[in-house]
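Model the full assembly from the supplied sequences, consistent with the hints where possible.
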Amino acid sequence: MASFRLPVALAGALGGRIQFGWAAKRIEQEQGIVRVYCSGSAGAHRTFTAERLVCAIRFSVLRDVELVPAFSAEKLRAIRELEHTSVVRTFIQYRRRPWTEWGWSTDLPIMHVLDAAPTQPQASGILEAYRVGPCARAASPLSEEERIARTVRGLSQFAPEVSSEAQRGTSYAWGLDPWARGAFAWFRPKQLTQWGRLLATREGRVHFAGDQTSPMPGWMEGSLLSGQRAAREILSGASGGAWRRGLRGA
Numbered sequence: 191m192a193s194f195r196l197p198v199a200l201a202g203a204l205g206g207r208i209q210f211g212w213a214a215k216r217i218e219q220e221q222g223i224v225r226v227y228c229s230g231s232a233g234a235h236r237t238f239t240a241e242r243l244v245c246a247i248r249f250s251v252l253r254d255v256e257l258v259p260a261f262s263a264e265k266l267r268a269i270r271e272l273e274h275t276s277v278v279r280t281f282i283q284y285r286r287r288p289w290t291e292w293g294w295s296t297d298l299p300i301m302h303v304l305d306a307a308p309t310q311p312q313a314s315g316i317l318e319a320y321r322v323g324p325c326a327r328a329a330s331p332l333s334e335e336e337r338i339a340r341t342v343r344g345l346s347q348f349a350p351e352v353s354s355e356a357q358r359g360t361s362y363a364w365g366l367d368p369w370a371r372g373a374f375a376w377f378r379p380k381q382l383t384q385w386g387r388l389l390a391t392r393e394g395r396v397h398f399a400g401d402q403t404s405p406m407p408g409w410m411e412g413s414l415l416s417g418q419r420a421a422r423e424i425l426s427g428a429s430g431g432a433w434r435r436g437l438r439g440a
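Once you know that position 243 of the sequence shown is 433 in our numbering, the rest is easy, because the numbers rise by one and skip nothing.
FYI, nobody ran anything at the bench for these hints, they're computed from the structure. Some clues are possibly wrong.
What follows is a set of in silico ranges between Cβ atoms, one per label pair, in the way DEER data are often shown [said to hold, decoys possible]:
hint: 1; residue 1: Thr383; residue 2: Lys215; range: 30 to 38 Å
hint: 2; residue 1: Trp294; residue 2: Val255; range: 37 to 45 Å
hint: 3; residue 1: Ser346; residue 2: Thr237; range: 49 to 57 Å
hint: 4; residue 1: Gln418; residue 2: Gly233; range: 52 to 60 Å
From the three backbone atoms N, C-alpha and C, an ideal C-beta is built for every residue, glycine too.
Following this line, the structure appears as structure tokens:
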């Protein structure tokens, strides 16, 4: 899938040190080490052992991983209650690109319309319909073909001049991804203020990364910053939670 090209490309530069296809089932800490018990395809099992662990598992997934010993009560509450918003992204390729703007918002179910390839030199173009919240949850159960068909109809209402130019499409429902169970972290009022530093604070030898543990939740930049912060924690022995000042509740 296209969404996996970036991590696969990064992993390629690291040789065999990155292992795909293993689902964490249990994180176990004891004196000086961390063990992660994983399951793979065809009933395979594997255990990874290290001095430290950087855990970037979405909290929506982490809540189903056994933790021994358990994390602090407040961290467990955040893992249990933090939600991830529903997002469905649908991309339609058109033979030509008569539009000039890069993005619009509509009151149609397709919601946000974006030029998904604004810098490509070809005459053809790609429009994306970015659905969030209730509109995304309504589109998620649909088949791929029906999502694409409804998006084409919606874009035709929005831009009738391209209604006959659609060639092909693809879509992705983040809520149906078993390793994400939603898109970016969705903080309810006061949760960000209450949990901001807590989400980034390590638990024993387990350090945390991911957009929900960063000062920029919901953004790739936040995820990258969180990884840098977790690496600095391990190198320096710090406890984490280095958030910027001025954060407010969602």
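Point to revise | Indices of hints not satisfied (ascending) | key: Of the numbered hints, just 4 does not hold.
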